[in-house]
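Novice: Sequence:
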Amino acid sequence: MPSGPTNAPATFCNLMNVVLYKYLDDLYVVYLDDIVIYSQSLEDHINHLRKVFQKLKQHELYVTKEKCEFAQN
Numbered sequence: 220m221p222s223g224p225t226n227a228p229a230t231f232c233n234l235m236n237v238v239l240y241k242y243l244d245d246l247y248v249v250y251l252d253d254i255v256i257y258s259q260s261l262e263d264h265i266n267h268l269r270k271v272f273q274k275l276k277q278h279e280l281y282v283t284k285e286k287c288e289f290a291q292n
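In our numbering, the protein residues as written are 220 to 292.
The hints are simulated quantities; they were obtained by calculation from the structure and are not laboratory data. Source: prediction; values computed, not measured. A couple of the hints might just be wrong.
Cut-off 25 Å, straight-line C-alpha distance, at most; resulting in silico cross-link-like pairs (BS3-like, lysine-lysine) [claimed, not checked]: (1) 284 <-> 270; (2) 270 <-> 241; (3) 274 <-> 284; (4) 276 <-> 286; (5) 270 <-> 286; (6) 284 <-> 241.
Starting from the given sequences, assemble the full structure and let the hints guide the process.
Specialist: Have a look at this one:
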């Protein structure tokens, strides 16, 4: 029987929605354990990434580079 955290995705979603509330539904959505940042252009995407990364850094949260995908259609 697995004994890991069963509510980890829900906890992650709630944390991201608290940390990034300013940009919710304007720049990003959180789904399970992913932050999806959407943009109209590559330039906008870079600016949106910068905003989200700055907010994460302010709250001492970090991403794993190997798990990230950028500029995807």
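Novice: If a hint holds in the structure, say so; if it doesn't, say that too.
Specialist: Tested hints:
Taking the CA atoms of residue 284 and residue 270, the gap is near 17 Å; set against the 25 Å cutoff, the hint holds. At roughly 10 Å between alpha-carbon atoms, residue 270 and residue 241 fall within 25 Å of each other, so this suggested pair holds. A distance of roughly 17 Å separates the Cα atoms of residue 274 and residue 284; the hinted pair therefore holds under the 25 Å criterion. Taking the CA atoms of residue 276 and residue 286, the gap is near 17 Å; set against the 25 Å cutoff, the hint holds.
With a CA separation close to 19 Å, the supplied pair residue 270 and residue 286 stays within the 25 Å bound. With a C-alpha separation of about 24 Å, the suggested pair residue 284 and residue 241 falls inside the 25 Å cut-off, and the hint holds.
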